[in-house]
Structure formats: structure tokens, C-alpha cells
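Enquirer: Spelled out, the chains give:
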Amino acid sequence: MKKQLLSALSAILLAGTMFGAASAAEVKSIAILTPEEGTDYGWNQQGVDAAKAAAKAAGVEVVVAQGLGYGDVRPTLRELAEEGASLLIAHASGYNTAAPEIAKELNVPVAIVDTPSALSKGLIADYTLSGHEGAYLAGRLAAKMSRSKTVGIVVSGEPPSWNSQSSAFAKGVKEENGDVKVIYAVIGPAAYSDAAGGKRVTESVIAAGADIIFGQGNGSSFGMLQAVETTKAADGGKVLFIDVIGDKSPIDKGFLLSSVVWNIEPVYAAMIADLKADTFGTKSYAIGLKDDSVKLLKTPQIPDDVWGDVQKIREDIISGKIKVEPVFEATAVRALMSDVKE
Amino acid sequence: MSDLFSELFLGALLFGAMTAAVPLLLAGLGEQISEKAGVLNIGIEGMMIFGAYTGFVGAYYSGSLWFGFLTGALGGAVVASIMVLLCVRIGLNQIVIGIGLTLGFDGLTALLHHFQFSRTYPRLAAAEITAIPLLSDIPVIGPAFFRHHLLVYLAVLLVGVMVYVYRRTQLGLNLQAAGDKPAALDVAGVDVVRTRTVAVLSTGVLAGLGGAYLADVGAGIFVPFITNGAGFLGIVLAMLARGRPLWVLLGALVFGLCLSLTTALQVAGINIPTDVIQMIPFLAVMAMLVIFGRRSQLPAALGIPYVRGAR
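Line by line, the protein sequences are chains X and V. Sequence positions in the first sequence follow the numbering used here and run 4 to 345. Sequence positions in the second sequence follow the numbering used here and run 1483 to 1793.
Read the hints as simulated data drawn from the structure, not as lab findings. Check before you lean on any hint, since a few could be wrong.
[Claimed, not checked] In silico negatives: residues of chain X with every beta carbon more than 12 Å from chain V:
#1 Gly62
#2 Glu85
#3 Thr118
#4 Leu126
#5 Glu178
#6 Asn266
#7 Thr285
#8 Lys301
#9 Thr302
#10 Trp310
#11 Asp312
#12 Ile321
[Claimed, not checked] Some chain X residues judged to face chain V by a derived CB distance under 7 Å, without partners named:
#13 Glu39
#14 Glu40
#15 Ala211
#16 Gln229
#17 Thr233
#18 Ala236
#19 Phe258
Even for Gly, the Cβ is constructed at its ideal location relative to N, Cα and C.
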């Protein structure tokens, strides 16, 4: 009897150990691929930092493949998959073709951006994130702060995430003050690293009267920042810059008005949880003001009373009193910009 | 709309056009030298990006844009020397090596940037402007075309120098012969390999200078992949201009002007797809050069390594 009890106990312990190992084995490591270095105070850095934080919280390893550029990343995806990554996060819209191909070829889960229609259970998840609620707040802030009553939006491409922020920013401006003009300019098709283009276009937008620039661009945003730092507004005063996704405060020279800061960690954490629960690829992920995964950066350039007003608007968005709908389509954004330019 | 298109705005648009045109002009003129001598220099993008990096490093640490231009030109020449060794001296495939150089130096400069600047992102002060007396006072045109960094005027003057070299000097004839009939040049007692070496190194210097201008003046900062295909546009300009420096200048200017036109159309709130607007520069350059440059020829030995005695 004693022998049988010991055998049963051993079996239970062994089964428990095996079950535990199987569970842990489901997500052993995750990998993130970024087009630029994860030190850009923006899209790439937020992605890399979030992946590291989510992996640490989940107790899994993380592999960071950064600075891969905007070309063909299939070899890197294959290599990471063959090394045993349980999840490949393809952190660039330019990877949306290659990553699903590799997912199907090697049967490894991938996460891509800006393609909600690509969901595939267990294989492909999409995280089309949008900080539109934060961008709306930024628009309200810009309209309050603009001296020239003209603000500019400069973007280095028209991916869905940025479209929704551009449109929300413009709506915020107009709802705060209908007399404020909004100028919209795209640097070029996928001009994400075109810092010279960012500077050139921003200088033109400033010359057209803008004294606050809402800039969306990876490497190109440094060109926008450079333009803001070296170009005077029409009244001879300072031009201010509102950034997105990251926090450029550590390199600011006094021209950063704010930033729509994203925290992507909850998204990646949810992906890991979904992988473990076998629900990966079945739903979309979102960020927002409610859990502070989107927030507006407070800088010394923002007076306290203005900041207080903006915080009240934030509360109204969270409570549902103000609804900010995302607009992802570029055509809809352009139509909106034509309507709000005067 | 009319108040948007103020003198200040139009001036800024045209100023931006010139700023965008200069790196293309330098890269295009550089590529033209290589092509004249029979070397298809696909690696010019790698020369530009390394020139942009070394040019920025030079300007940032010395505080002098001119020193930055010098280090940028040298950086381009370093990459060109690899092209010389592998393609001109050893005779490897020019396209393969060119692509390799571009990819390699894209990666190398991104890596160097990561270690040096990725936490601080230093920016340069605004470039010093040289105003040309009287001309710079003309409304709109003056601030747009006659208030630039001195290098801009020198780049335009270089076009005239190149025309003179190609038409009036022995060096120009040698370059032409190295690209059209290298064996004939060899028979005439001129070293083909040396001629092509000089050509490719000159390309590196000009491409590196273009990259340095792009980073130091155009952007005021270096970020990875900053050239964003400018070197390839230089190749397009050189190939379509087919040996004529003036057409490279015109192509670069048309491209720059069309870039500014795309901004103007967007600022005006014209509701047509941005992609369509942004096709304008490329379509305009191709249309102009196809219409006006179609009678000229590309060198007969372009892309073919020279081996003495080979048939």
C-alpha cells in the first residue's frame, strides 16, 4: 500500500512537473525586430523598452534585433525563429509582408502592426496602436498655446497609427479654437529616416505661419526638431514642438512643448498571456488614456493653468463625456485636413 | 490660401528646393565621372552615407562646417577606394560590390551612431549664410537662391568646371576614352586602370561631400539611413543626363523644386492623394531628361572591367 501511495505521489509530482514545464515551454523567449536603433526616443525605443519590460514581467527571455532598416528582414526573422523564439514582434509597418510569410513558413507566432485584417489564430496578431486620445489633447494644448493661431502637422509617412493621431490632433485644435489654422504636410512616402526632409518641410510649414509643430517621424523627427530650434516664428518668437510616442526631454533644448507618449508594455504583456492561453491572434490590442498607456508629457513650456485645463479634458475623455474616434484611412485624414486648414 | 503663400513662405519653399538639390547635384556629378570612365558606381549611396557620418563627426567635434565637409569628402573617398580595389583593380562585378558597399556602410554608420550619438542626438547650429550682394535683395528669388552656404555656390560652379574638363582637357578625353574604348586609351599610352581609379575616387569625394552637406546643412544632425536613397537618385540623374553636367544640375533643381511643390500643394490643403503629389519630382525629372537628354549615349564599356589584351 505504502509502495502504491509513493508511486501515485511520484506520478502526481512528475505530471505536475511535466505540466509546468509544458506551460513554461509555450513562451520561452520573445524577439523584437526594429528598423532603427532602440534609442530614438520614439517608436523604436518604446517598442524595445516595452518588449524588455513585458518579457521580464513574464519571466521569459527577450532578443532585440534593432537597426534592421526598412528592407527585407526575412533572413533575420528566419534566424530568430530557428533559434526558438516563441513570438516575433515585427515592429515596423514595412515588415508586414515578410513577417506573416515567415509565420506560415515556420509556424511561429508573429505580431505585426497596422494590419488588423491579418489576424490568424495562433499565428498572426496585429497591434495597430493609436494614441489618438493623447493627440486630441495635444491639439487642444496647441490651440491654447499658439500665438500665430496657426499650427502645423508634419509627418514622415501615412501609416494608420499616425493618421489617427493627425486627425485627432486637428480635431482637438478646432474644438479648442475654430479660428486656428491647421497646416498638414507629409515629407515623403515612408520618409521615416529622412531628417533633412523633416527639416526642410518643417521650415516651410513654419514659414507659412505655424508656431507649433506636431511632428510624427522616426529619425526624421530629429530634423523637425532641428528646424524648430533654428527657425524663428513669423513674429520672431520661439517655435515649439510636440512629439509623439517617446519622450525627447533628455535631449531637449527648450523647444519641446509636449509629447503623446505611448507605453506598449501592456500590449506585449497581453500578447504573451494570449500565447499562453491559446488566444493569440484572435483580438486587437489598444492603448489609451485610461490606463496611462497613452499620456501627454508635461514640460516646463506648459503653464500650470493650461495644463490644468488639459487635465480636465483628459478626465472628460476617460469618463466618455468627450469621444475621440480614430481615423485610420489616409484619404479621410486628407479630406479632414482640407476642411480644417482655414 | 493666398495669405499662406506669403513672400516668406515662397522664399522658404524655394530655399528648401535648393537645399534638397545640392546633395543630388554633387552625387550626380560624382556618378557622372565614374560612368564616363566606364565604372557603374552603384556604391555611391554607401559613399554618401559614410560621407554624411564622417562629415557630421568632423563638423560636430571641430565646430567647423568646412572641416566637416573635408572629413565628409575623405569618408566618401575611403569607400570609393574599396570600390577601386575590388572593381577597378581586381575587376569584380561592379553592381554586386556597389550594393555590398551601400548595405555595409548603411549598417556600419548605424552601428557607429548607436555607440556615439544614440543617447544624445547632438545637433549642429544653423549653417552660416553667404548673401550675394544685390541679388539676395530680390523679393522671393533673392532669399531662395542667393542666401545660402558658400558650398552651394561652389557646387553650382563645379558644373561649369566639369563642362570645361570634359570638353577642353586631356583628362576629360581620357575619362571619355576609358568609358568608350579603354583599349584605345591603353594603346595611346594612358593607363586605363589609373584613369578609372582617379574617376572613382573623385566620385567618392563628391558623394561624400554631398552626404556631408546633407547631414551638416540639410539636416543639422546625423541619423542612421539619413541619405534615404539620395545616392540612387544621383545615379538616376547621371544616367539620364548621359555625360552632360548641366543636365545633372537641371535635373537636381527640378527634383528639388518639385519636392517643394509637393509641400506647397499639401500646405494649400489640396485634397489629392499624397502619393500622387509625391510622384511629381520623379516624373518631372524623368520627363525632362527623357525629352531633352535622349540623344546622348552611355559609354560603351560602362560596367565592364578592363583587362589588358582581353577580347
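Enquirer: If a hint holds in the structure, say so; if it does not, say that too.
Expert: The hints, checked one at a time:
1. With a least beta-carbon separation of about 28 Å from chain V, Gly62 of chain X lies farther than 12 Å from that chain, consistent with its non-interface assignment.
2. Look at Glu85 of chain X: its CB is around 22 Å from the nearest CB on chain V, clear of 12 Å, so calling it non-interface holds up.
3. No Cβ of chain V comes within 12 Å of the Cβ of Thr118 of chain X; the nearest lies about 18 Å off, and the non-interface call holds.
4. Residue placement check: Leu126 of chain X keeps its beta carbon more than 12 Å from all beta carbons of chain V (closest about 30 Å).
5. For Glu178 of chain X, the requirement that its beta carbon stay farther than 12 Å from each beta carbon of chain V is met, with the minimum near 19 Å.
6. Once the 12 Å rule is applied to beta carbons, Asn266 of chain X is consistent with being away from chain V; the minimum gap is 20 Å.
7. With a closest Cβ-Cβ approach of about 33 Å to chain V, Thr285 of chain X is found to remain outside the 12 Å limit, as its non-interface label requires.
8. With a cut of 12 Å on Cβ distances, Lys301 of chain X stays outside the contact zone with chain V, its closest approach being about 21 Å.
9. Against the 12 Å criterion, Thr302 of chain X stays outside the reach of chain V, whose nearest CB is about 17 Å from its own CB.
10. Listed as outside the interface, Trp310 of chain X is consistent with that label: its C-beta sits roughly 26 Å from the nearest C-beta of chain V, beyond the 12 Å cut-off.
11. Residue placement check: Asp312 of chain X keeps its beta carbon more than 12 Å from all beta carbons of chain V (closest about 28 Å).
12. The Cβ of Ile321 of chain X sits about 32 Å from the closest Cβ of chain V, beyond the 12 Å cut-off, so the non-interface label holds.
13. Hint status for Glu39 of chain X: holds, given a least beta-carbon distance of 6 Å to chain V, under 7 Å.
14. The interface hint given for Glu40 of chain X holds, since its Cβ lies 5 Å from the closest Cβ of chain V, which is under the 7 Å cut-off.
15. Look at Ala211 of chain X: its Cβ gets to within about 5 Å of chain V, closer than 7 Å, so that hint holds up.
16. At a threshold of 7 Å, the smallest CB-CB gap from Gln229 of chain X to chain V is about 4 Å, leaving the interface hint in force.
17. Taking 7 Å as the C-beta cut-off, the interface hint given for Thr233 of chain X holds, the closest approach to chain V being about 4 Å.
18. Hint on Ala236 of chain X is violated. Least Cβ distance to chain V is approximately 11 Å, over the 7 Å limit.
19. Because the beta carbon of Phe258 of chain X sits about 11 Å from the nearest beta carbon in chain V, more than 7 Å, this interface hint is broken.
Of the numbered hints given earlier, the model fails hints 18 and 19; all others are met.
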